[in-house]
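Peer 1: Chains as they are written, first to last, in UniProt numbering: chain X, 1 to 544; chain B, 1 to 544.
Read the hints as simulated data drawn from the structure, not as lab findings.
The hints are all genuine.
Since copy identity is lost for identical chains, a pair holds within one copy or between any two.
Once the Cα atoms are required to be at most 30 Å apart in a straight line, the calculated BS3-like pairs of lysine-lysine come out as:
| id | residue 1 | residue 2 |
| --- | --- | --- |
| 1 | K346 | K240 |
| 2 | K318 | K366 |
| 3 | K240 | K170 |
| 4 | K240 | K41 |
| 5 | K384 | K318 |
| 6 | K170 | K60 |
| 7 | K398 | K346 |
| 8 | K398 | K409 |
There are 2 protein chains.
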Amino acid sequence: NSPQVVTALNFAVLLLALGLCESLQRGYVGEEPEPVAEPSKYGSLWPLPQKVQISDVSYKLSSSNFRIVDGKLSYADPSCSLLQDAYRRYFDYIFGLTRKHGPKSGRTGPSELTELQVWITSPDTECDGYPSLNIQLLDLIYYIVFILFPLFLGLETFSQLVYEDEYGVKNVNSSEINDFPRFAHRGILLDSSRHFLPVQVILDNLETMAMNKFNVFHWHIVDDPSFPFMSKTFPQLSQKGAYHPYTHVYTPADVKKVIEFARVRGIRVIPEFDTPGHTQSWGKGQTDLLTPCYSGSKPSGTFGPVNPILNSTYDFMKQFFKEISTVFPDAYIHLGGDEVNFSCWKSNPDIQKFMTDHGFGQDFSKLESFYIQNLLDIVTTTNKGYMIWQEVFDNGVKLTPDTLIHVWKGNQQQYQKEMANVTSSGYQTLLSTPWYLNRISYGQDWQEFYKADPQEFNGTETQKKLVIGGEACLWGEYVDATNLSPRLWPRASAVAERLWSAMDVTDLGDAWNRLSPHRCRMVERGVPAEPLFVSYCPREYNGV
Amino acid sequence: NSPQVVTALNFAVLLLALGLCESLQRGYVGEEPEPVAEPSKYGSLWPLPQKVQISDVSYKLSSSNFRIVDGKLSYADPSCSLLQDAYRRYFDYIFGLTRKHGPKSGRTGPSELTELQVWITSPDTECDGYPSLNIQLLDLIYYIVFILFPLFLGLETFSQLVYEDEYGVKNVNSSEINDFPRFAHRGILLDSSRHFLPVQVILDNLETMAMNKFNVFHWHIVDDPSFPFMSKTFPQLSQKGAYHPYTHVYTPADVKKVIEFARVRGIRVIPEFDTPGHTQSWGKGQTDLLTPCYSGSKPSGTFGPVNPILNSTYDFMKQFFKEISTVFPDAYIHLGGDEVNFSCWKSNPDIQKFMTDHGFGQDFSKLESFYIQNLLDIVTTTNKGYMIWQEVFDNGVKLTPDTLIHVWKGNQQQYQKEMANVTSSGYQTLLSTPWYLNRISYGQDWQEFYKADPQEFNGTETQKKLVIGGEACLWGEYVDATNLSPRLWPRASAVAERLWSAMDVTDLGDAWNRLSPHRCRMVERGVPAEPLFVSYCPREYNGV
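Just chain X, with the same shape it has in the complex:
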């Protein structure tokens, strides 16, 4: 239902590959041995492609001569800035500080690679489309071949194959790579309500997501503490509900900027507008939206979840989500639905009467379902699909078949049971429970993230296919611009590989050997990705 252009940027590129990188950690002798990153036969590729063959034949790259170009048979429109921007971005990544400016030298060495040809194999190369959930693989071959998809992912893989030899020369080895993601939905959730995240922080994070082949930015944009989204229809929501109406809001231009920055990196932006709970900040700018709580027979002056018994609530939601559906081009909206606290509803006599009238008895989950049901009907008219947190499914709300159920609760046994239940009911699902990266602990916790697998539950093959992926969540209670990047990276990289690479890619040792140089590569690209353990990078972070 939404354009699928980026995903149709089929292509193949002249390829090559990666000599074994040098160890990035110094070995220890004697007492207190420390883990040492050894060279992996897969170099520093992260996440690991589906099939990798790296030969010993290496080619040199010179920044004077090397060019990334549209292949001769490519369907790409030369004016497609999406492509040209990506070429420039990856040229920068590949050559970094060592690149020289100036014309071609005119002389090339005997084993020099001068061209990376990008071959878009589909005529459907609309440059202005948005990435979507569906992906499409291809098998076209050019030169020393391999397959990548989509473009950004291919360029990322190529750039990861390039290594620096002891003389500082960039090299790439002849290689054969066949690649595609295991899961279509590979997301990061950021929370811009508990702390406001300046736009630049979000953009930086999108850049790093692309380096890790994440393709969904789940933007938990509003919640109880603040409402930074500036609505054109209801401007008072952010005027009253944001931490500050000018300095702590996302303007329509900001939102556009985020969406476009994501789009040209193959990343979808799925906004979450969580109701009926988690809406305290909504109530500041929208009178009568929230339920008045009672203390005995009188209103206490505080408010609870969205008031589900008023027609005005649904009129508001209709207008609000109509706007949201045009602001965010993605085919999906996340509607939340988690953690609804019933105590305020219980205290309110009007709600109680409504419950009786509708025969809900004292079962407030029926009232919750009543609200959600109405909301889903509203959103369905906007032609969007929806994602919801697992409670909505658990409470038995009627859902359209294409609803995505987002599992986030419980321990391993519980979430695996939930995944089984959801898929046996025929719904698509994605997993976040083991990937709440805001929860920190001392040590190498990336290994636990790495071990979790969204398809590990009792279920049929059909059920397993309903798992579309997962999301690493960085809730904002303790996170803002000061610490977001080092807290998220490279811990989220562990999730990235789980969601991209083959199911049997589970060797922690090889993961360590590739993740260590991958984290140094992020550092070199300017990302303050924290260290995995005792180690050093050839080029340390200098953004201080």
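Based on these hints, arrange chain B on the given structure of chain X.
Peer 2: Okay, now just chain B, sitting in the frame of chain X:
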């Protein structure tokens, strides 16, 4: 024995103070109440001075008119750049982005404060001295008075009293403050061996330490993984033992820079050269320094702790610490002595023979003591005092009476017992056990750091007086330039107040109300100090 000039910069300043700052967190209504920072009657002062009286009388400050000047009766030499630099630094902090350049306006308002007079009350104002352990209080008074010490601390307190009103005008209230630190030794340990810390990271941290009135930088400069200290006497130590001999070392100029940057902020630099364990990196550049381990009857090729049975070891240490004692001007050196693993010593037949010859039997702690005893004798000849980790005391090594025993092991009960033991033996001590800030966990762990008290153990008043303070430690296994600042601040601020303020300053609520704006102040000054909880700052971190 070392110059004590900065500590002799006695002074008093014209003073004033702080209207109640506005709450920095938005309150919540209804469900999910969140903690809200309320105004404290002590404003945003952190750490809390010993006596504070803030009146309602406020004065305005204008960046055109306001000046920090030497008081008329001050002994300060006008050419003392130490002072002039501090004036400029705090002028910048006070006015931040709002400051205007240009001459005095010539017009001042009726309730405008135009001058902060800094009165150095001691004639002993050598500008080139180093801060030392001893501190000296003063009671001289000038104008609306109060006392601060030393200079930097007074300026920091003054700058914390300045607040911005709703029109962006800087204000300060008439106030009376009497202040002095509870403990003389208030330190931060950084580890530049497990990860190399670029000099700029260290300088930035010193700047933040000054904002929190820490006065000791414990530089755990070398350890097993790397030896970044460039020795003039033994250059091969860093040439072979650093992660990289050029990019990952501290040159003599770097070390000087760190010491001077610290000095002009009233911070002492105490280097730690830990032996005989934690020395793997030393062995790379110094043949025969470490003990060869044996596998059966043959050397295994690996090495253990420093070899304590060779004369060459002590010749090396003599020369090495002679250099160290001149490079670092502080009166103390930290000699480590922790975590000596005996297995390699046990495996070595030469060591075994030495043990037998000296009647040590199989008690390797006697061999350790033998080594440490020799080392202490060597260091004593350099006229330095020494700090050592608690094991050295625990093993019964003979120590000079002025030795500082650094307690770091065990749970609360165990470290309190250790503090009692150490002080009942008449030694001075400092505590780190509850303040291993490298250990992270989810939630507001600053509260636990805040609750710990170094004088809380069974002991006499005399014993309690032997507690000179404590240190927050940020060991480097998981810390480098990418995440050091947000991981350390404001968590270390909790330790700062414990070590500075009166023993009965233990109200977590008031601490929260002052620490929240203090953390925002650090952010505004450019420090990526992480959030304490759901909140916002008027000016968010923008260093991304």
